[in-house]
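A.B. asks: Spelled out, the chains give:
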Amino acid sequence: MVDPVLASRIQFAWTTAIHIIFPTLTMGLAPFLVYWTWKEVRGDGEVYARLRRFWAKIFGLTFVVGTVTGIVLEFEFGTNFAAYSSAVGGIFGGPLATEGLMAFFLESTMLGIFLFGRNRVSDRMYLVSAFLVALGSWLSAVWILIANSWMQTPAGFEMGTRAGQEVAVITDPVAAYLTPRFFWMFSHMQMAAVLSAALFIAGIASYKLLTTDDRSEFWKKTIKVAVVAMLITAPFQAVQGDAYGRHVHDTQPAKMAAIEATWETQTGAPLYLFAFPTNPDNLMTPTEEEMIALGIPNGASLLATGELNGEMVGLEEFGDDIPPFMLVFWSFRAMVGLGLWFILLAFWAAYRWRKGELFEDTLLQKSFVASAGLGVLAVELGWMVTEIGRQPWAIQDVLRVSDGVSPGLTGGEATLTLVGFVLGYTVLLSTWAYIVYRLVRAGPDAPSDETSSPTADGGVEVSAE
Amino acid sequence: MMPLSLADTYLLGLPLVEMWYVVIFLTLAMFLWLDGSNFGIGILFGMVDDEEIKESMLAAVAPLWDGTEVWLIVFGGAMFAVFPDVYAGLFSENYLLMFLILGALIIRGVSPEFREQRHDASWQRVWGVLFVSGSTLAPFFLGVFTANWLIGSTSLLSLPGVVVGLVVVTLSAVEGAAFTNMKLEEKSATVNTYGTIFQVAYLVLAVTTVGYLYLFVEGMAAKVLSPFALGLVALTAILGIAYIVLLQSGQSLYAFVTAGVQTFGLIALVGFLLYPTIYPIDGLIVQDAAVSVLAMNVMTVVLVIFLPLVLLYFAVLYNAFRGPVQAGEGY
Numbered sequence: 123m124v125d126p127v128l129a130s131r132i133q134f135a136w137t138t139a140i141h142i143i144f145p146t147l148t149m150g151l152a153p154f155l156v157y158w159t160w161k162e163v164r165g166d167g168e169v170y171a172r173l174r175r176f177w178a179k180i181f182g183l184t185f186v187v188g189t190v191t192g193i194v195l196e197f198e199f200g201t202n203f204a205a206y207s208s209a210v211g212g213i214f215g216g217p218l219a220t221e222g223l224m225a226f227f228l229e230s231t232m233l234g235i236f237l238f239g240r241n242r243v244s245d246r247m248y249l250v251s252a253f254l255v256a257l258g259s260w261l262s263a264v265w266i267l268i269a270n271s272w273m274q275t276p277a278g279f280e281m282g283t284r285a286g287q288e289v290a291v292i293t294d295p296v297a298a299y300l301t302p303r304f305f306w307m308f309s310h311m312q313m314a315a316v317l318s319a320a321l322f323i324a325g326i327a328s329y330k331l332l333t334t335d336d337r338s339e340f341w342k343k344t345i346k347v348a349v350v351a352m353l354i355t356a357p358f359q360a361v362q363g364d365a366y367g368r369h370v371h372d373t374q375p376a377k378m379a380a381i382e383a384t385w386e387t388q389t390g391a392p393l394y395l396f397a398f399p400t401n402p403d404n405l406m407t408p409t410e411e412e413m414i415a416l417g418i419p420n421g422a423s424l425l426a427t428g429e430l431n432g433e434m435v436g437l438e439e440f441g442d443d444i445p446p447f448m449l450v451f452w453s454f455r456a457m458v459g460l461g462l463w464f465i466l467l468a469f470w471a472a473y474r475w476r477k478g479e480l481f482e483d484t485l486l487q488k489s490f491v492a493s494a495g496l497g498v499l500a501v502e503l504g505w506m507v508t509e510i511g512r513q514p515w516a517i518q519d520v521l522r523v524s525d526g527v528s529p530g531l532t533g534g535e536a537t538l539t540l541v542g543f544v545l546g547y548t549v550l551l552s553t554w555a556y557i558v559y560r561l562v563r564a565g566p567d568a569p570s571d572e573t574s575s576p577t578a579d580g581g582v583e584v585s586a587e
Numbered sequence: 080m081m082p083l084s085l086a087d088t089y090l091l092g093l094p095l096v097e098m099w100y101v102v103i104f105l106t107l108a109m110f111l112w113l114d115g116s117n118f119g120i121g122i123l124f125g126m127v128d129d130e131e132i133k134e135s136m137l138a139a140v141a142p143l144w145d146g147t148e149v150w151l152i153v154f155g156g157a158m159f160a161v162f163p164d165v166y167a168g169l170f171s172e173n174y175l176l177m178f179l180i181l182g183a184l185i186i187r188g189v190s191p192e193f194r195e196q197r198h199d200a201s202w203q204r205v206w207g208v209l210f211v212s213g214s215t216l217a218p219f220f221l222g223v224f225t226a227n228w229l230i231g232s233t234s235l236l237s238l239p240g241v242v243v244g245l246v247v248v249t250l251s252a253v254e255g256a257a258f259t260n261m262k263l264e265e266k267s268a269t270v271n272t273y274g275t276i277f278q279v280a281y282l283v284l285a286v287t288t289v290g291y292l293y294l295f296v297e298g299m300a301a302k303v304l305s306p307f308a309l310g311l312v313a314l315t316a317i318l319g320i321a322y323i324v325l326l327q328s329g330q331s332l333y334a335f336v337t338a339g340v341q342t343f344g345l346i347a348l349v350g351f352l353l354y355p356t357i358y359p360i361d362g363l364i365v366q367d368a369a370v371s372v373l374a375m376n377v378m379t380v381v382l383v384i385f386l387p388l389v390l391l392y393f394a395v396l397y398n399a400f401r402g403p404v405q406a407g408e409g410y
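Residue numbers (the working numbering), protein chains in the order written: chain G, 123 to 587; chain C, 80 to 410.
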């Protein structure tokens, strides 16, 4: 039996980590689906109808799993973090309710039409439904990230009382909800979602090109669209991420110190390429002496402040209120490493494309296959930096996670549901992956003029464009 | 209006706290009506043998359930935003029950989607059984939750919990039977029979619940005997009979609406019996549970702007899928 605080933290981390896979893919796929639907409705070739149909199947399946795992999160604040919910519901609950009203209703009702109503509505209404699904999914992200960014950089409130309890009371909705952090987060997350989806579909399409000659034009079309999206999003993430880092340094110095494993406050702090704890009793929060590291002089200061001799506040200044920063340090490096790989991959593909040999480079295709899930992995790592880097706070400098847990929760109850979620979500994720695999194996429907020769190449209607 | 006054006085001087109390219950009622009919289809899915009807049932649910489930999400979200102590207290005190609800909802949601992915009998049977189980257990546990809320209990298994659980299950089946026949080209006599049986069962169970509240729950007797509560019970009985007549005569759309009004009646009764308390375990009353005036005003603006749009989305969705399921529709 696990302590209810620890079990609640693990359960929330696990349920969120599994959930985010699905909205990342649906938010990322949505713009592609709008594009294909638009081309389909315009009559630019049957291939677009097939692209839309095939990827909408995967989108629909993913959306369903995203919905059912997402509803858990909406209730988990109340079940496991009742003290947190009472204390900040007057600010934090608003964006969640608004997300449902403004975004999720729009997305999920229009999804019904988009997935099942092709023959029930006009072309125009069908295109509108695709657009509104995409809009709804992105608006969902707006409100979820407004809520999350308030946890990172709380503003627009004061402490007051309600029914005898100390609670956060909103004083300025604009300051509370439109924090600078929100804009950094939203742009970073949405580009990450598009990039993840592009890698996902390019990986699947490359797998099909490598393993079968069937309908290769369909898969080539997929890869081209994905490469265009990668070329836009991958470099954007690097440039934006760099500036985002300086914002984090200005607003959450403890998190920045965790990212760089900076123990002592110093000017010209080095950028550690790696850092390992040496004391086996203190693996997560090693002091300067308990760590071996190799660093580039002044690198961290340059990245965090824009100046070689900029001052970085060290973790030692925060007493016990520091995160298990080795996790943050390594998650951040893995994320950045993946980001650099995505840029390389995008430019590599662009170079081949320019030379007219995009589909002749087997190594590139294998790299795409290997990278199909890496975009989502980078999103997970990024969220680990964001969320673990804020620990032990739930609301930075206002409320600790351990003070937010439901007071009446027993270790037995919390352990029981934790075990249930570990098992249940493993089954859910595996079944999802299995069905995606089956859908990919079956591939898209044959073009209409080709039903008699199912093994032929799917390019007939493509070349007719 | 000056920003300062938004922090001190409710918009237009309206009684926003009471209004939001009503909104919370309306959201729950919308969920139990619209998604309840999907639960009902899932319940009947286990009782109907005709494969064609069963496929039509799945095809009827497919485009709708994702949207209708959001009413529950908004119920939770609105309670979080406006009555956070109630959200926190109810959900944490009914900890295991909440996860039973969520587990049933997860299974109900994914199983029809997964079922259609393979066409061999064993795969379809497993997900079919899970679809029926999720669709039955979700309303059952929601009923237990409602009973616990009303009488201030946190028990996972109690007599009132089981009875109200069955109340919500039978009501869902009543809605689902009407909705199924709306979606069939040829109305099914079997479905009509089940609808009638569930409607009678609902009336019996609902009256039993009211009787139980009158006899055994402290402080309820006077409220149960008030004209409003008795009026709701009488109205439900009349609507129940009307439902049976409408269903048997093939007017499934009107039967579905009749079932909906019964749902709103049930939830109105719960809200009425609870008021002015909102969280009986702590004896918390509505006014004391509400967030600050400014937060309330902000949420009200959001609601006023988006609720009409939400209703429009549902009108568009249900209109697009009006009438019987067409050949080739569904997953």
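The set of hints was computed from the structure by calculation and includes no laboratory data.
Nothing here was measured: the structure is a model prediction, and the numbers come from that model.
Think of the CB as a built atom: it goes at the ideal place given N, C-alpha and C, for glycine as much as any other residue.
A hint or two may mislead.
To spell it out: a stretch of chain C is covered by chain G in this simulated footprint if at least three of its residues, at any positions, have a beta carbon under 8 Å from a beta carbon of chain G; those stretches are [as the list claims (entries may be wrong)]:
#1 114–120
#2 212–219
#3 246–252
Beta-carbon label-pair distances, calculated as ranges [what the hints assert, rightly or not]:
#4 A301/C x V544/G: 27 to 33 Å
#5 E265/C x V296/G: 53 to 59 Å
#6 L551/G x Q203/C: 41 to 47 Å
#7 G298/C x V544/G: 39 to 45 Å
#8 D519/G x A200/C: 54 to 60 Å
#9 G298/C x E438/G: 56 to 62 Å
Result set (SDA-like, lysine to any residue): computed pairs, CA atoms no more than 25 Å apart in a straight line [stated by the list, open to error]:
#10 K179/G x R204/C
#11 K133/C x L209/C
#12 K179/G x G407/C
#13 K342/G x L480/G
#14 K179/G x K133/C
#15 K266/C x N241/G
#16 K342/G x Y547/G
#17 K343/G x A568/G
#18 K133/C x V296/G
#19 K343/G x K488/G
#20 K179/G x R197/C
#21 K179/G x A399/C
#22 K302/C x R204/C
#23 K161/G x K343/G
#24 K133/C x L466/G
#25 K179/G x I132/C
#26 K343/G x L466/G
#27 K179/G x T233/C
#28 K161/G x K133/C
A.B. asks: State for each hint whether it applies.
C.D. replies: Comparing the hints with the structure gives:
no.: 1; hint: 114–120; result: violated (count 0)
no.: 2; hint: 212–219; result: violated (count 0)
no.: 3; hint: 246–252; result: violated (count 0)
no.: 4; hint: A301/C x V544/G: 27 to 33 Å; result: violated, 49 Å
no.: 5; hint: E265/C x V296/G: 53 to 59 Å; result: holds, 58 Å
no.: 6; hint: L551/G x Q203/C: 41 to 47 Å; result: violated, 22 Å
no.: 7; hint: G298/C x V544/G: 39 to 45 Å; result: holds, 43 Å
no.: 8; hint: D519/G x A200/C: 54 to 60 Å; result: holds, 59 Å
no.: 9; hint: G298/C x E438/G: 56 to 62 Å; result: holds, 58 Å
no.: 10; hint: K179/G x R204/C; result: holds, 22 Å
no.: 11; hint: K133/C x L209/C; result: holds, 15 Å
no.: 12; hint: K179/G x G407/C; result: holds, 15 Å
no.: 13; hint: K342/G x L480/G; result: holds, 9 Å
no.: 14; hint: K179/G x K133/C; result: holds, 22 Å
no.: 15; hint: K266/C x N241/G; result: holds, 23 Å
no.: 16; hint: K342/G x Y547/G; result: violated, 34 Å
no.: 17; hint: K343/G x A568/G; result: holds, 15 Å
no.: 18; hint: K133/C x V296/G; result: violated, 51 Å
no.: 19; hint: K343/G x K488/G; result: holds, 17 Å
no.: 20; hint: K179/G x R197/C; result: holds, 14 Å
no.: 21; hint: K179/G x A399/C; result: holds, 20 Å
no.: 22; hint: K302/C x R204/C; result: violated, 47 Å
no.: 23; hint: K161/G x K343/G; result: holds, 13 Å
no.: 24; hint: K133/C x L466/G; result: violated, 51 Å
no.: 25; hint: K179/G x I132/C; result: holds, 24 Å
no.: 26; hint: K343/G x L466/G; result: holds, 21 Å
no.: 27; hint: K179/G x T233/C; result: violated, 42 Å
no.: 28; hint: K161/G x K133/C; result: violated, 36 Å
The structure fails hints 1, 2, 3, 4, 6, 16, 18, 22, 24, 27 and 28 (numbered hints given earlier, in ascending order).
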